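**Student:** Sequence:
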Amino acid sequence: MAIEENRFVRQAELVPLENLQAVAASIIGVGAIGRQVALQLAAIGVRKLQLVDCDLVDASNVTTQSYWQADIGQAKVPATAAAIARIDPTIQVEPIADRFRPRMELGEAVFCCVDSIDTRAAIWRAAQGRCRFWADGRMLGEVMRVLVAADAAGRTHYPTTLFYGADAQRGSCTAKSTIYAASIAAGLMVHQFTRWLRGLPVDQDTSLNLLAGELVAS
-16 MAIEENRFVR QAELVPLENL QAVAASIIGV GAIGRQVALQ LAAIGVRKLQ
34 LVDCDLVDAS NVTTQSYWQA DIGQAKVPAT AAAIARIDPT IQVEPIADRF
84 RPRMELGEAV FCCVDSIDTR AAIWRAAQGR CRFWADGRML GEVMRVLVAA
134 DAAGRTHYPT TLFYGADAQR GSCTAKSTIY AASIAAGLMV HQFTRWLRGL
184 PVDQDTSLNL LAGELVAS
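Numbering (my numbering), first residue to last: -16 to 201.
I should point out that these hints are in silico values taken from the structure, not numbers from a laboratory. Keep in mind it's a predicted model, so treat the numbers as computed, not measured.
Beta-carbon label-pair distances, calculated as ranges:
1. G112 with R(-7): 35 to 43 Å
2. E197 with R84: 31 to 39 Å
3. G182 with A26: 17 to 25 Å
4. S190 with Q111: 16 to 24 Å
5. G124 with F146: 13 to 21 Å
Beta carbons: idealized from backbone N, C-alpha and C, even for Gly.
Hey, can you work out the whole structure from these sequences and the hints?
**Tutor:** So, in structure tokens, the structure goes:
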């Protein structure tokens, strides 16, 4: 079977390639959701990706985050960079195997995929004035929430979701996690990103409860 010369042909009417390839994206946290976001962005054709995470791959990450058995013990950032290279070796990847620091240079699109609400708030304070598209993915078990700030309404709404860490539901998003929920959450984030690229309105707040079969978007 011949390989298609243009690997983007089937998404051409849904994802504007010229706009896509002009945007640099930063993924902060390449755990359950962030790993999936990075791979999906690479697959659809983002040309510049920045990966930020200081964690190592452990055995449970093979089940819940799609890392490979051979990745166990490695830093998540180079392991994800290697997976991106297998999708498309021409993508420019900036691997930062460290925690987020406020003075880091960021892309126009930022995908916040961290576990802690306090960390989200700190990243938002540093990044809000330096990105045009912001997506935050949250997950606990089979419940997901995706928040997007890409216009005035989203930038007004998003800070209202940043409650004190002490008020958060007990347990981090990694306490109960599945690869299928993480993949869906990442897909919702990437979908909002492609809507933004097309100049379509984005949903600033989307919640999906798989077990209850409930989807709410605004």
